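**Q** Build the full structure now, drawing on both the sequences and the hints.
There are 2 protein chains.
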Amino acid sequence: MDNLLDGKTVSNHFKQRIADEVSEMVSNGHRPPHLVAILVGEDGGSKTYVAAKEKACNLVGFTGTILRYPDTITQDELIAKVEEINNDTEIDGLIVQLPLPNHIDENLVTQTILPEKDVDGFHDINMGKLAKGDNSGYISATPLGITMLLEYYNIETSGKHAVVVGRSNIVGRPMSILLSNSNKTGNATVTVCHSRTKNLKEVCLQADIIVAAVGIPGFVKGGMIKEGAVVIDVGTTRVDDDTKKAGWRLCGDVDFDTASAKASFITPVPGGVGPMTITGLLNNTLKARKRTL
Amino acid sequence: MDNLLDGKTVSNHFKQRIADEVSEMVSNGHRPPHLVAILVGEDGGSKTYVAAKEKACNLVGFTGTILRYPDTITQDELIAKVEEINNDTEIDGLIVQLPLPNHIDENLVTQTILPEKDVDGFHDINMGKLAKGDNSGYISATPLGITMLLEYYNIETSGKHAVVVGRSNIVGRPMSILLSNSNKTGNATVTVCHSRTKNLKEVCLQADIIVAAVGIPGFVKGGMIKEGAVVIDVGTTRVDDDTKKAGWRLCGDVDFDTASAKASFITPVPGGVGPMTITGLLNNTLKARKRTL
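Protein chains in written order, with the working numbering: chain A, 142 to 434; chain B, 142 to 434.
None of these hints come from the bench; they were simulated from the model.
Keep in mind the model is a prediction, meaning the values are calculated, not measured.
Where hints are given, some of them may not hold.
Claimed, not checked - To give an idea of the chain A side of the interface with chain B (calculated C-beta under 10 Å), a few residues:
#: 1; residue: P211
#: 2; residue: D212
#: 3; residue: Q216
#: 4; residue: N248
#: 5; residue: Q252
#: 6; residue: H264
#: 7; residue: A272
#: 8; residue: K301
#: 9; residue: V304
#: 10; residue: S321
#: 11; residue: N328
#: 12; residue: A329
#: 13; residue: T330
#: 14; residue: Q347
Unchecked claim - Derived coverage of chain B by chain A (criterion: at least 3 residues anywhere in the stretch with Cβ under 8 Å from a Cβ of chain A; other residues may be distant):
#: 15; region: 266-275
#: 16; region: 329-336
The beta carbon of each residue, even a glycine, is placed where N, CA and C say it ideally should be.
**A** This is the structure:
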């Protein structure tokens with residue numbers, strides 16, 4: 142298929158660029174970027190994500206450290222750990238893999254991370270900078286990865302009508318702001334849709350670029366897509382599938398077969414936005430390292 | 142005219158409610174809310190705005206203090222003053238009237254204000270909280286005032302299509318987020334338009350609610366408005382007018398005569414959004430005072 146936005150290839154392209162920068166950094170006598178991930182408990186999804194992030198760190202020459210804690214860790218202990226990392230000048234980026242156990246206030250933990258080390262872009266300060274178009278902060282990894290994908294394929298956003306389906310804090314909201322801000326991959330006219338939106342189909346049919354981030358498998362169908370639109374699928378729901386060794390497969394928010402017949406470009410799931418998310422995280426971590434060079 | 146959104150009346154309604162709360166606060170032995178405004182230099186517009194804010198404070202029983210500095214004040218001196226106020230437990234809210242002289246970094250000053258006292262809602266933390274739908278922060282006074290106006294007139298926003306023309310940090314961006322978030326005056330499908338938007342007329346014609354915040358007098362005309370739409374005019378440009386004693390009059394972004402013929406509700410200029418902005422500021426200051434009660 143010639144209309145695929147191939148996240149895997151693009152991700153490798155950017156990873157190579159990051160690896161080159163790290164090489165040069167190290168050959169100039171500097172230490173490489175160091176990302177720490179805190180993993181609490183035994184959630185299967187979380188373990189997979191953190192392992193993938195560690196692997197990506199190794200690939201580009203970052204130092205990647207996973208700190209594992211049992212789900213009996215207290216909130217105070219976790220906060221103390223975050224503060225210790227905040228103060229460690231040998232660590233550039235810190236992510237705390239969500240979800241956390243119920244007895245821990247996720248927002249409190251997230252807001253305790255030093256904004257300068259918050260490479261997930263979840264801190265209020267980083268979200269506020271994004272909303273203000275101030276590029277000195279960190280952008281949440283998935284929206285950032287999507288803009289890198291758009292940039293790689295030279296997809297024009299300026300003056301286009303982008304429709305973002307979903308208004309979550311980590312994807313829909315930041316994505317809509319990024320596409321609307323005065324950026325290289327911005328300046329679009331952006332409509333944000335969500336569960337309360339009426340005539341969703343009619344709105345989506347206007348989109349030159351559509352970003353689906355609702356977490357409902359196959360939600361956006363071909364009939365909702367304008368001929369020639371660019372379709373970005375953020376969904377990654379695990380759906381039972383006995384034909385797979387794992388017993389499940391990843392399912393996007395877009396009904397790929399009907400949508401790809403309409404789209405000028407479309408991201409597959411898996412292999413579209415997913416790899417770009419990790420690349421976004423690597424990009425943020427490199428940026429964090431450069432702050433202190 | 143029976144389709145006017147009368148900001149003056151609504152503002153008085155909310156001011157009365159605030160005044161009642163202050164009375165009760167004081168009769169319970171607490172000090173009233175205290176708002177400090179820093180005014181640097183001799184800008185005519187700034188002086189007018191700050192004077193109006195002081196007057197409004199007096200009206201509702203707040204303590205209002207204006208600190209005036211010459212435009213020769215250094216950045217360090219101004220920052221030191223902000224920090225002094227941050228540490229003063231008898232002051233609840235601080236606003237620094239913009240613009241500041243060129244030798245002072247406005248963003249640095251704004252970000253120095255303690256988020257808990259930033260009743261203008263300009264601090265990154267307050268902007269970030271807004272973007273995340275976290276109501277514990279402060280919302281920029283104009284968008285907040287507009288939501289109070291919508292609330293007063295029981296204007297349904299949920300499921301409606303709102304079009305915000307303008308993406309500024311203090312009006313367009315926060316307004317679009319507020320209308321889209323899961324709030325009482327939110328849950329709308331929101332489109333943000335700006336200078337790069339193509340077919341603006343076509344987009345505006347879809348709006349059930351249109352918010353014009355571009356700063357161009359008469360920019361939104363009746364032909365861009367759907368029959369029965371709600372029209373909110375944020376524009377307040379001073380236009381020369383010899384027939385006025387001041388030599389100018391305030392001009393909105395909406396061409397009132399043609400627009401009001403179409404609109405189910407419309408804000409006049411002056412007397413629409415303007416008074417609500419000050420009421421938004423008073424509301425934030427009351428909220429700031431309540432944090433420490």
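**Q** All the hints need checking, so say for each whether the structure fits it.
**A** Here is what the structure says about each hint:
1. This hint is violated: P211 (chain A) has a C-beta 29 Å from the nearest C-beta of chain B, more than the 10 Å allowed.
2. A least Cβ separation of about 25 Å between D212 (chain A) and chain B goes past the 10 Å threshold, and the interface hint is therefore violated.
3. Taking 10 Å as the C-beta contact cut-off toward chain B, the hint placing Q216 (chain A) at the interface is violated, the least distance being around 19 Å.
4. The restraint placing N248 (chain A) at the interface with chain B holds, with a minimum CB-CB distance near 8 Å, inside the 10 Å limit.
5. Contact between Q252 (chain A) and chain B, as hinted, is supported at the beta carbon level, the nearest pair being about 9 Å apart and thus within 10 Å.
6. With a cut of 10 Å, the hint placing H264 (chain A) at the interface with chain B holds, because the nearest CB-to-CB distance is about 7 Å.
7. Interface restraint check: A272 (chain A) against chain B, minimum CB-CB distance 5 Å, threshold 10 Å, status holds.
8. For K301 (chain A), the suggested interface contact is upheld, since its CB lies about 8 Å from the closest CB of chain B, less than 10 Å.
9. Given the 10 Å rule on beta carbons, the hint for V304 (chain A) holds: about 9 Å separates it from the nearest Cβ of chain B.
10. The interface hint given for S321 (chain A) holds, since its Cβ lies 5 Å from the closest Cβ of chain B, which is under the 10 Å cut-off.
11. This hint holds: N328 (chain A) has a C-beta 4 Å from the nearest C-beta of chain B, less than the 10 Å allowed.
12. Annotation: A329 (chain A) was flagged as interfacial toward chain B, and the flag holds, the nearest CB pair being 8 Å apart, inside 10 Å.
13. Hint status for T330 (chain A): holds, given a least beta-carbon distance of 4 Å to chain B, under 10 Å.
14. For Q347 (chain A), the suggested interface contact is upheld, since its CB lies about 9 Å from the closest CB of chain B, less than 10 Å.
15. Counting residues of the region 266-275 of chain B whose C-beta sits closer than 8 Å to any C-beta of chain A gives 10, which meets the bar of three, so the coverage hint holds.
16. With a cut-off of 8 Å between beta carbons, the region 329-336 of chain B has 7 residues touching chain A; three or more are needed, and the interface restraint holds.
Hints 1, 2, 3, counting from the list given before, are not met by this structure.
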